[in-house]
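Novice: So the chains spell out like this:
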Amino acid sequence: MTDRLPELRQALRGVLDPETGRDLIAMGMIYDLRHEAGTVHVTMTTTTRGCPLTEMLRMGVQAALLSVPGIAAVEVTLTWEPPWSPDRMEPPAP
Amino acid sequence: MPGKHLSRWTLAWFGSALLALLAACGLGLLGVAGPGAWTGGNGLALVHVFALGWLCQVMMGALVQFVPVLAARPLALPMLALPALLVSSAGTVALALGFLVLEGREALQPLFLAAPAAIGLGFAMVAAMVGATLSSRDSLRLAEVRMVLLALLALAGLWLSGAMMVLTLSGRDPAVDLSQALPLHMLLGIGGWLSLAAFGVSYKLFAMFLIAPDQGGRLRGAVFLAAALLVAVLLAAFLMVLAGRPAEGATTVALGLIPVLILLYLAEIARIWRSRRRVAPEVNMLWSRAALAFLGFAMALSVPGWLLGGPWAEAAVFAALVGWLSTLTLAQLVKIVGFLTWIQVFAPRIGRQPVPMVQKLIDAKAATLCLALWSAGTLAGCLALLAASPAGFRLAAALLSLAALGIVRELIAVRHLSHLAAEERPAPLPPLILPLLQPR
Chain X
1 MTDRLPELRQ ALRGVLDPET GRDLIAMGMI YDLRHEAGTV HVTMTTTTRG
51 CPLTEMLRMG VQAALLSVPG IAAVEVTLTW EPPWSPDRME PPAP
Chain F
1001 MPGKHLSRWT LAWFGSALLA LLAACGLGLL GVAGPGAWTG GNGLALVHVF
1051 ALGWLCQVMM GALVQFVPVL AARPLALPML ALPALLVSSA GTVALALGFL
1101 VLEGREALQP LFLAAPAAIG LGFAMVAAMV GATLSSRDSL RLAEVRMVLL
1151 ALLALAGLWL SGAMMVLTLS GRDPAVDLSQ ALPLHMLLGI GGWLSLAAFG
1201 VSYKLFAMFL IAPDQGGRLR GAVFLAAALL VAVLLAAFLM VLAGRPAEGA
1251 TTVALGLIPV LILLYLAEIA RIWRSRRRVA PEVNMLWSRA ALAFLGFAMA
1301 LSVPGWLLGG PWAEAAVFAA LVGWLSTLTL AQLVKIVGFL TWIQVFAPRI
1351 GRQPVPMVQK LIDAKAATLC LALWSAGTLA GCLALLAASP AGFRLAAALL
1401 SLAALGIVRE LIAVRHLSHL AAEERPAPLP PLILPLLQPR
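Keeping their order, the protein sequence lines are chains X and F.
Counting from 1, one number per residue, gives the positions in the first sequence under our numbering.
Counting from 1001, one number per residue, gives the positions in the second sequence under our numbering.
Incorrect hints may appear among the rest.
[Stated by the list, open to error] Restraint-style ranges between C-beta atoms, simulated for each label pair:
| id | chain 1 | residue 1 | chain 2 | residue 2 | range |
| --- | --- | --- | --- | --- | --- |
| 1 | F | Leu1383 | X | Gly21 | 40 to 46 Å |
| 2 | F | Leu1286 | X | Leu66 | 39 to 45 Å |
| 3 | F | Arg1277 | X | Tyr31 | 17 to 23 Å |
| 4 | X | Tyr31 | F | Gln1215 | 16 to 22 Å |
| 5 | F | Ala1300 | X | Pro6 | 54 to 60 Å |
| 6 | F | Arg1289 | X | Tyr31 | 33 to 39 Å |
| 7 | X | Gly21 | F | Leu1178 | 52 to 58 Å |
No lab work stands behind these hints, which were simulated from the structure alone.
Please read these numbers as outputs of a predicted model, since none were measured by experiment.
Virtual Cβ for every residue (Gly too), placed ideally from N, Cα, C.
Next comes chain F alone, as it looks inside the complex:
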């Protein structure tokens, strides 16, 4: 069946995530949060619209689409894709509104308490689809597959730590020591779930887009071992926090493992880059280099971030979430949406009629401009956080908002085949978001 490896709801996941991205950028522009103002209700709401609404949603949508490529088998339990999207979106909105309890809006308490259940249900459904697709003897031999499964383990830890903190903030038992739980929650989310999932998927995607041999080997095995150790230490540390024991030592060990993990990963990506057959990489890969640079930058900032805290820690988290994970995602999103659109419209014509190349669906110049603006906004944001400048941070949010709007505009143009000549555009056009494929 054509398209049997495609998930019908991928573009809906991406659409939901992009709405959250625009909302988060807009809230930043309005000055809802900024340097030194992240732990109040407004700051936490903004952070979660970004981290959960944008990054987690887009990563879950990407995994539902790409684990079949990693495992070379159709997605398991595909009927869960839509309910998972709906329930995790509802949970995200509930959590963001629920944080306003901390700003004195007590009426939102029921929403705050219900949010972790909805988010957990969404996460569990995604984990069931992804885990069941990847869990075959052949697939488990691949380090990148095991890396994505590790990411799911970290996702469970992320959810549990988050749910416990919601209970604590609501004044309910069992309470946890927030000062110890918060760094672990962030490390499980950024370093565990999001980064490990990105690592696992990027090996295959980078090799495909660069036309490079996808060899795996010892280096990838070493990245997996470091990642497994990191997740084990983070989960053990959180269990210590739950047991009321100090976990600073374990957290320090985890922070020490992160540079090892990142340097090993970057070494393998550099090998893939050097062995590429595509002489002139496309815009998605060119700007993925900026994301990788931000990964190194976040790693460098994490040392003073842990030792000194304050602006250094804020800048490190910002560089990781906005620089590394978001730049990578936005750069690849342009290509992936182009590729999915091409499959939907032109794949049935292969061998029968002339078809355009995938890159003709994308305006590389427009995408370059937006990604350059995004990277500039990220740098400006890091500097503003380091300088504790709210005005500078709002300027950065303005740049990021413009860039995000530009990317969304470009993605809509891709879906409408706007960059193709009129005679190359078939009618009717595919629907913008729902569903990706018609039932066959």
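One chain only, chain X, in its complex shape:
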């Protein structure tokens, strides 16, 4: 089976945090990404536990991954342990 993680990560690069304009991977909000037999398992967080965008971001991640050919199901788990901090962000592109 080919490693599909690069294209899955690429799909998540299209899900932007509207406040910073950076994608969720660059924001360090995707804690885990796995693929097993057509199902993608994602563990993600938000910048703060009470973020009003939490549910929309979760649904956005689900939609972006389902748009990848061959992906039949996406399971998104939200966690705030460990809590997000700006240290998780990728350095800005030069």
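The hints should help you fit chain F onto chain X, whose structure is shown.
Specialist: For chain F alone, kept in the frame of chain X given last:
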């Protein structure tokens, strides 16, 4: 459910508050009150349209929206949001008109006496929503949550002191010594309720908007302790006034605590600012610095204000209400309305279609101009009060009116997505004010 952490009536609260702001600025421009003319019926009416109609309403609307973010749980008793808005708005209008009794309009006496009941009912409903949302074991560990709860305690004291003064001014019992009750009423409102609520919410908002670590820690705990002491002293002092005992000593202690509280708060905000990842802060945060400067200015003026009274006290109160609290609110309102509008229109498209960034909904240059004008008007107002110049004060009111109109215009533009290119604007547009979200 999308938007489960959003209150449907937030924009209605903001709209009601902005109407009161425009009304207060207009009354100031007409010369209804001014230097040395705040304790008559007209002056008190203007002050309460501003402090209660604008600042209290906008703070209550903001709390109803943001306590779910602070506590990470949905708003409790959300069905109270609309009745609370309606009854507190009606109470504010009744109180403002009721003060005209002091100008000889005796027919307004029933309105004057009914106002505290309506306002109290509105406050109680907001306190129930906010208090029930924040009161969980996890939330209470956070100093910022406890700070907002302290603000609610001060709100109760503010209402009680205000209601007692209305009874006294109406010639009914039990009467209180107005010269002692008035400073406590103002301190409970400005230093207790409004400032502590602003402190509590600002920690989270500033960290979010600056992309800074939200660590809390000892400094925030120290701010909470100072705030708790301040509210305790203010409430004890008011109880002494109710018992007919002198409270100047306690009031002086409270005034001595305020600089400690403010300096500790500013030290933590400076830490958040220094640790930010957002290299170029947006207009809301840039102008929040002006609000923080006015907070320091009000603190500096409060010393001669207490010792000398008169113009110094008027300028200190003006710097706090118009400079610190209003500049902060207006600056953040631009961003918050942009953010709520973005959630309403674009959030369902995340991950499915391209979406604009939140800041594209806002014209930062227009907002900057309005906030600069507001700050200039505030400075002019402080100087006019210190110089006891009615003409100067009307000039300041003109600047503030222009700035307020400009901000309202910008907020309407944000709601109409006017700053986006036509192809980025979905149809139909969201309603301007009511309600924020469609029932699902």
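Novice: Next step is simple, just say for each hint if it's right about the structure.
Specialist: We went through each hint and held it up to the structure:
1. Separated by about 41 Å at the C-beta atoms, leucine 1383/F and glycine 21/X satisfy the suggested range of 40 to 46 Å.
2. About 40 Å separates the C-beta atoms of leucine 1286/F and leucine 66/X, a value consistent with the hinted range of 39 to 45 Å.
3. The hinted range of 17 to 23 Å is satisfied by arginine 1277/F and tyrosine 31/X, whose Cβ atoms lie roughly 19 Å apart.
4. Against the hinted window of 16 to 22 Å, the Cβ-Cβ separation of tyrosine 31/X and glutamine 1215/F comes to about 20 Å, which satisfies the hint.
5. Here the CB-CB span from alanine 1300/F to proline 6/X is close to 59 Å, well matched to the stated 54 to 60 Å.
6. Between arginine 1289/F and tyrosine 31/X the Cβ separation comes to about 35 Å, which falls inside the hinted range of 33 to 39 Å.
7. Between glycine 21/X and leucine 1178/F the beta carbons are some 55 Å apart, a value that agrees with the proposed interval 52 to 58 Å.
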